[in-house]
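Those protein sequences? They're chains E and Y, same order as listed. Start counting the first sequence at 1; every next residue gets the next number (our numbering). Start counting the second sequence at 1; every next residue gets the next number (our numbering).
It should be emphasised that the hints constitute simulated quantities derived from the structure, not laboratory data. Even for Gly, the Cβ is constructed at its ideal location relative to N, Cα and C. A portion of the hints provided could be inaccurate.
Calculated Cβ distances over 12 Å to all of chain E for the following chain Y residues [as the list claims (entries may be wrong)]:
| no. | residue |
| --- | --- |
| 1 | ARG18 |
| 2 | SER29 |
| 3 | ASP33 |
| 4 | THR34 |
| 5 | SER37 |
| 6 | GLY51 |
| 7 | ALA53 |
| 8 | ALA54 |
| 9 | GLN56 |
| 10 | ASP64 |
| 11 | THR67 |
| 12 | LEU71 |
| 13 | THR79 |
| 14 | PHE91 |
Not close to chain Y: a few residues of chain E, all C-beta gaps over 10 Å, as computed [to be verified]:
| no. | residue |
| --- | --- |
| 15 | GLN17 |
| 16 | LEU18 |
| 17 | PHE23 |
| 18 | LEU42 |
| 19 | GLU64 |
| 20 | ARG89 |
| 21 | GLN118 |
What follows is a list of derived Cβ distance ranges for each label pair [what the hints assert, rightly or not]:
| no. | chain 1 | residue 1 | chain 2 | residue 2 | range |
| --- | --- | --- | --- | --- | --- |
| 22 | Y | SER11 | E | GLN97 | 18 to 26 Å |
| 23 | Y | SER29 | E | LYS172 | 48 to 56 Å |
| 24 | E | VAL119 | Y | VAL35 | 41 to 49 Å |
| 25 | E | SER113 | Y | VAL35 | 51 to 59 Å |
| 26 | Y | GLY51 | E | ASN44 | 24 to 32 Å |
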Amino acid sequence: MAGFRDAAAFAPTTDLQLLPLRFEHLRPDRYFVSNVVGEGLLLNREQLNRLVCLDVFPGDGLYERAFEKLLIAVKGQRSQLQLLAMRLRSRMAFLQQPTALHIFVVTLRCEHSCPYCQVSRRSVDRERFDMSEETAKRSLRIALAAPASTIKIEFQGGEPLLNFPRIQQIVKAAQQDAPDGKSSNS
Amino acid sequence: VPDILVDFGSSQSIGALREAAYRLIGEASCLIDTVDSRHVCRLIPKTALAGEAAEQALRARFLDLVTDENLREKVAAETAGVRDVILALAFGALAREREDSGSG
Chain E
1 MAGFRDAAAF
11 APTTDLQLLP
21 LRFEHLRPDR
31 YFVSNVVGEG
41 LLLNREQLNR
51 LVCLDVFPGD
61 GLYERAFEKL
71 LIAVKGQRSQ
81 LQLLAMRLRS
91 RMAFLQQPTA
101 LHIFVVTLRC
111 EHSCPYCQVS
121 RRSVDRERFD
131 MSEETAKRSL
141 RIALAAPAST
151 IKIEFQGGEP
161 LLNFPRIQQI
171 VKAAQQDAPD
181 GKSSNS
Chain Y
1 VPDILVDFGS
11 SQSIGALREA
21 AYRLIGEASC
31 LIDTVDSRHV
41 CRLIPKTALA
51 GEAAEQALRA
61 RFLDLVTDEN
71 LREKVAAETA
81 GVRDVILALA
91 FGALARERED
101 SGSG
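Starting from the given sequences, assemble the full structure and let the hints guide the process.
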């Protein structure tokens, strides 16, 4: 019929290329295979080998699953690469922002034993486990040099209030030394 | 605990052997020596193995890990070019080109 192309022209292409992927062996004959943004699927070893060798064809199930997860692409077609790039840019957007959060661990000492806490707390020895004045000054210089317009200084420990004079010193120095136009929250 | 020797020809990537050795670290330590163009892996089990079957199982596990690492190297090599294109589209010159042309 004039005006219509042959049905074969609409068949999915088999001229494929492999996209970057990672895989991990989870349990016997089970692999987790993921694309560059971490989206993935579970395959057995035979399916993984077929995927890597591009031994997949429209209608075999694996072709469709791999295509959907952006593990394979049509050669020369840029739209799938752009889709992956867009997702990667969203996923890694935090890398384009200068560091705004600066955490000052002013002491490792703590009087509590909270069961959820991951810190290797220390109960004694202020000399060894408290942040020194010199370290605080140097750390603040680094924080204020960050190219972010606003920075946040967070105090952690241990129990940070056990070294309250150091917190007071850092807050005062931050307010005094912050360059014009840079604000800080603490 | 007897050591287990597994040797490979020179075509075997030593990088893949190192990665596999690292993944085996909970079960056995692995020393890799290159002698006369062959890589000899000496597996030292962390605990005593109960007989030859257990030795064979550890050897097979190591070979499976090496096989996986070889596949990872193959995939990385085959997709290096397209990975660069994706990164360029996401963050590099191609991303700037798209932004300049207002297409996103």
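Checked hints:
1. ARG18: holds (18 Å)
2. SER29: holds (20 Å)
3. ASP33: holds (27 Å)
4. THR34: holds (27 Å)
5. SER37: Correct as stated: the minimum Cβ-Cβ distance to chain E is 28 Å, above 12 Å.
6. GLY51: holds (21 Å)
7. ALA53: ALA53(Y) clear of chain E: closest Cβ-Cβ about 17 Å, beyond 12 Å.
8. ALA54: Holds: least Cβ distance 17 Å, greater than 12 Å.
9. GLN56: holds (16 Å)
10. ASP64: Non-interface label fails for ASP64(Y): nearest chain E Cβ at 8 Å, not farther than 12 Å.
11. THR67: Since the minimum Cβ distance to chain E is about 9 Å, THR67(Y) lies within 12 Å and the statement is violated.
12. LEU71: violated (6 Å)
13. THR79: At roughly 4 Å from the nearest Cβ of chain E, THR79(Y) sits no farther out than 12 Å, so the non-interface label is violated.
14. PHE91: violated (7 Å)
15. GLN17: violated (6 Å)
16. LEU18: Given that some Cβ of chain Y is not farther than 10 Å from that of LEU18(E), nearest at about 6 Å, it is violated.
17. PHE23: violated (7 Å)
18. LEU42: holds (16 Å)
19. GLU64: Holds, because the least Cβ-Cβ distance between GLU64(E) and chain Y comes to about 20 Å, which exceeds 10 Å.
20. ARG89: violated (4 Å)
21. GLN118: Given that every Cβ of chain Y is farther than 10 Å from that of GLN118(E), nearest at about 22 Å, it holds.
22. SER11(Y) - GLN97(E): 18 to 26 Å: violated (46 Å)
23. SER29(Y) - LYS172(E): 48 to 56 Å: holds (53 Å)
24. VAL119(E) - VAL35(Y): 41 to 49 Å: holds (48 Å)
25. SER113(E) - VAL35(Y): 51 to 59 Å: holds (54 Å)
26. GLY51(Y) - ASN44(E): 24 to 32 Å: Taking Cβ atoms as reference, GLY51(Y) and ASN44(E) lie about 30 Å apart, which means the hint holds.
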